[in-house]
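Engineer: Please model the complete structure; the sequences and the hints are all you need to start from.
First to last, the protein sequences are chains P and L.
Taken in order, the first sequence gives residues 635 to 817; the numbers are from our numbering.
Taken in order, the second sequence gives residues 635 to 817; the numbers are from our numbering.
Do not rely on the hints blindly, as some may be mistaken.
Any copy will do: because identical chains look the same in the list, a pair fits if it lies in one copy or spans two.
Unchecked claim - Okay, derived cross-link-like pairs now, EDC-like style, lysine to aspartate or glutamate, Cα gap no bigger than 20 Å in a straight line:
1) K712 with E804
2) K698 with E711
3) K637 with E812
4) K805 with D708
5) K739 with D790
6) K780 with E798
7) K734 with E711
8) K805 with D790
No lab work stands behind these hints, which were simulated from the structure alone.
Protein chains: 2
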Amino acid sequence: MIKGNLDKAFTYLESGAVLLVCVSEGKKDNVMTVSWQMVLDFTPLIAICSGSWNESFEAILRTKQCCLCVPAADMIEKAVGIGTIHGSQCDKFKHFNLKKQKPAKVKAPLIGGCLAAIECKLTDYIEPYGILVLKGVQLWENPLKKERRIIHANGDGTFFADGEFYNLREKMRERLPEGVERL
Amino acid sequence: MIKGNLDKAFTYLESGAVLLVCVSEGKKDNVMTVSWQMVLDFTPLIAICSGSWNESFEAILRTKQCCLCVPAADMIEKAVGIGTIHGSQCDKFKHFNLKKQKPAKVKAPLIGGCLAAIECKLTDYIEPYGILVLKGVQLWENPLKKERRIIHANGDGTFFADGEFYNLREKMRERLPEGVERL
Chain P
635 MIKGNLDKAF TYLESGAVLL VCVSEGKKDN VMTVSWQMVL DFTPLIAICS GSWNESFEAI
695 LRTKQCCLCV PAADMIEKAV GIGTIHGSQC DKFKHFNLKK QKPAKVKAPL IGGCLAAIEC
755 KLTDYIEPYG ILVLKGVQLW ENPLKKERRI IHANGDGTFF ADGEFYNLRE KMRERLPEGV
815 ERL
Chain L
635 MIKGNLDKAF TYLESGAVLL VCVSEGKKDN VMTVSWQMVL DFTPLIAICS GSWNESFEAI
695 LRTKQCCLCV PAADMIEKAV GIGTIHGSQC DKFKHFNLKK QKPAKVKAPL IGGCLAAIEC
755 KLTDYIEPYG ILVLKGVQLW ENPLKKERRI IHANGDGTFF ADGEFYNLRE KMRERLPEGV
815 ERL
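Structural biologist: Okay, structure coming up:
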């Protein structure tokens with residue numbers, strides 16, 4: 635992955651991408667799968683919703699940082715596997731053969747095979763709802779990756795990849811930030 | 635649309651559906667398009683993020699209720715149109731030929747042609763982020779509608795409809811609530 639323009643980071647999330655959320659506590663790295671996520675603004679501020687049943691959730695509260703990685707459709711089996719195994723059971727990066735890449739601004743690994751990754755700092759915790767408020771500080775993109783389709787979870791154990799594409803930019807021109815076309 | 639099991643409501647949202655959010659203040663009905671939305675739990679509690687530039691956002695704060703309607707891919711032009719016209723300019727229901735249907739538990743219209751609709755009560759407002767916390771109180775489903783694909787916004791004026799389908803229920807069985815298969 636190569637560094638990208640942070641202004642575009644929200645375009646990898648807004649459609650409801652399943653995310654692999656990476657954390658690091660010294661020697662121990664971990665990753666969880668999250669589909670309860672929402673863009674809060676274009677800077678970007680990002681909300682993810684999880685709870686203490688996820689070891690990685692607690693790690694974000696302790697370390698105040700994480701990386702949001704956006705897997706493509708070729709990684710759906712891994713994304714589901716990561717979401718069903720507890721971090722205490724194994725080193726998920728080894729178990730799922732995830733290629734780590736060094737981050738630039740936070741201490742938490744990126745997953746090199748993803749479509750994109752956003753390094754984030756924790757800026758707030760809305761405890762009653764388990765909402766972590768994250769500020770994106772660095773975007774990484776993978777322009778050479780052939781599989782471009784993002785994965786979406788229905789929440790019932792089924793998923794869809796991106797299908798038919800619609801370009802309605804001209805109709806929405808006045809409401810869009812400039813220069814944010816998703817790769 | 636016919637009444638559905640509220641336990642399944644979140645399965646229409648989790649994948650990142652573009653939503654048409656309907657409100658009513660006495661004689662005046664309005665609707666806005668929202669793609670910044672997130673499931674918070676299975677009851678379901680739902681977060682949407684918007685701001686006072688949307689007349690309908692202010693109407694939800696005043697009336698404490700709304701309906702979240704889930705358009706399918708055949709409604710993408712209407713969804714974008716609704717998101718680019720201000721409610722003060724016209725009656726959007728007439729302008730976009732939206733067929734209103736009576737709700738059961740809140741005062742806000744449903745849009746009959748959608749895939750699903752969730753009647754909601756406002757339970758909290760997280761003001762610093764423009765997050766409305768909504769509690770779903772009634773699900774409506776449209777099982778006879780032929781177009782089943784949900785729409786996802788990338789945020790840059792482009793959209794995807796649901797594409798390739800993956801069923802990974804067996805792998806995720808332990809983590810899923812029971813009986814929530816999305817239609």
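Engineer: Compare the structure with each hint and give your call.
Structural biologist: For each hint, the structure was consulted:
In this assembly of identical chains, the alpha carbons of K712 and E804 lie at most 20 Å apart only when taken from different copies (15 Å versus 37 Å within one copy). Taking the shortest alpha-carbon separations for K698 and E711, neither the intra-copy value of 28 Å nor the inter-copy value of 41 Å comes in at or below 20 Å. Within a single copy, K637 and E812 get their C-alpha atoms as close as 19 Å, which meets the 20 Å cut-off; across copies the closest is 42 Å, which misses it. In this homomeric assembly, K805 and D708 come within 20 Å of each other (Cα to Cα) only across copies, at 17 Å, whereas the closest approach inside a single copy is 32 Å.
In the homo-oligomer, the alpha carbons of K739 and D790 never lie at most 20 Å apart, since the shortest distance is 35 Å inside one protomer and 26 Å across protomers. When the C-alpha separation of K780 and E798 is checked against a cutoff of 20 Å, the pair qualifies both within a copy, at 17 Å, and between copies, at 16 Å. Taking the closest pair of Cα atoms, K734 and E711 come within 20 Å of each other only inside a single copy of the chain (18 Å); across copies the shortest separation is 41 Å, beyond that limit. With identical chains, the CA atoms of K805 and D790 are at most 20 Å apart between copies only, with a shortest distance of 11 Å across copies and 34 Å within one.
Violated hints, listed in ascending order, are 2, 5; each of the other numbered hints is respected by the structure.
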